[in-house]
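Take the sequences, apply the hints, and build the full model.
Top line first, the protein sequences correspond to chains A and B.
Those letters in the first sequence? Residues 1 to 109, by my numbering.
Those letters in the second sequence? Residues 110 to 225, by my numbering.
I should point out that these hints are in silico values taken from the structure, not numbers from a laboratory.
Fair warning: there could be bad hints in the mix.
Cross-link-like lysine-lysine pairs, in silico, BS3-like; alpha carbons within 30 Å at most [claimed, not checked]: (1) Lys-129(B) x Lys-96(A); (2) Lys-108(A) x Lys-42(A); (3) Lys-150(B) x Lys-96(A).
As the structure is a computational prediction, the values presented were derived from the model and not from experiment.
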Amino acid sequence: RKEVEQDPGPFNVPEGATVAFNCTYSNSASQSFFWYRQDCRKEPKLLMSVYSSGNEDGRFTAQLNRASQYISLLIRDSKLSDSATYLCVVRNQGGKLIFGQGTELSVKP
Amino acid sequence: GAVVSQHPSRVICKSGTSVKIECRSLDFQATTMFWYRQFPKKSLMLMATSNEGSKATYEQGVEKDKFLINHASLTLSTLTVTSAHPEDSSFYICSVSEARNTDTQYFGPGTRLTVL
Chain A
1 RKEVEQDPGP FNVPEGATVA FNCTYSNSAS QSFFWYRQDC RKEPKLLMSV YSSGNEDGRF
61 TAQLNRASQY ISLLIRDSKL SDSATYLCVV RNQGGKLIFG QGTELSVKP
Chain B
110 GAVVSQHPSR VICKSGTSVK IECRSLDFQA TTMFWYRQFP KKSLMLMATS NEGSKATYEQ
170 GVEKDKFLIN HASLTLSTLT VTSAHPEDSS FYICSVSEAR NTDTQYFGPG TRLTVL
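Put into structure tokens, the structure is as follows:
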């Protein structure tokens, strides 16, 4: 079983739509959680950290459920520029980042 | 955030040659650098952790004699793929973290290696 699992997609949505991505992780001792964004043939870039209390950054909302070992990302009012692959990332107790496979999002006009 | 550069950005080589990839931290001293590899449509996989002035720590399944890592200064780490084969073709990405804040990693732009 993969340490971090995501639905690879692709998710094809129209502009303005709300889209949600889910992620599960297997190691209950994981310490920190993140969503990264990766554009085609580029390096990943930190989108936001994820906290148990939930956190929001503009159109992006991230949630963490430690009991279910589940992380989510909600994107409201999708823009064309949101098209990318979204990586769920977990930091394990050894300090290493464990990346999910990524969920591909394509926002269409 | 930190600025991290990698060189070259893209390299095509013949099977059997060795390829060196440089990772530079441009605006802070990076005591720790990380090397990742990403195959198409796959997740980033940590290959090794590089600490300045000491030997790199390799992940399970990564051959240390094939992927030579040198972290001779606080701003430069190199990854050398020795005797490259087509199956080594991949996207190699480095990242750096500050000693005072290991919670954040800053990624380089990556190097795309194609071995013919």
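Task: Hints breached by this structure - done: none
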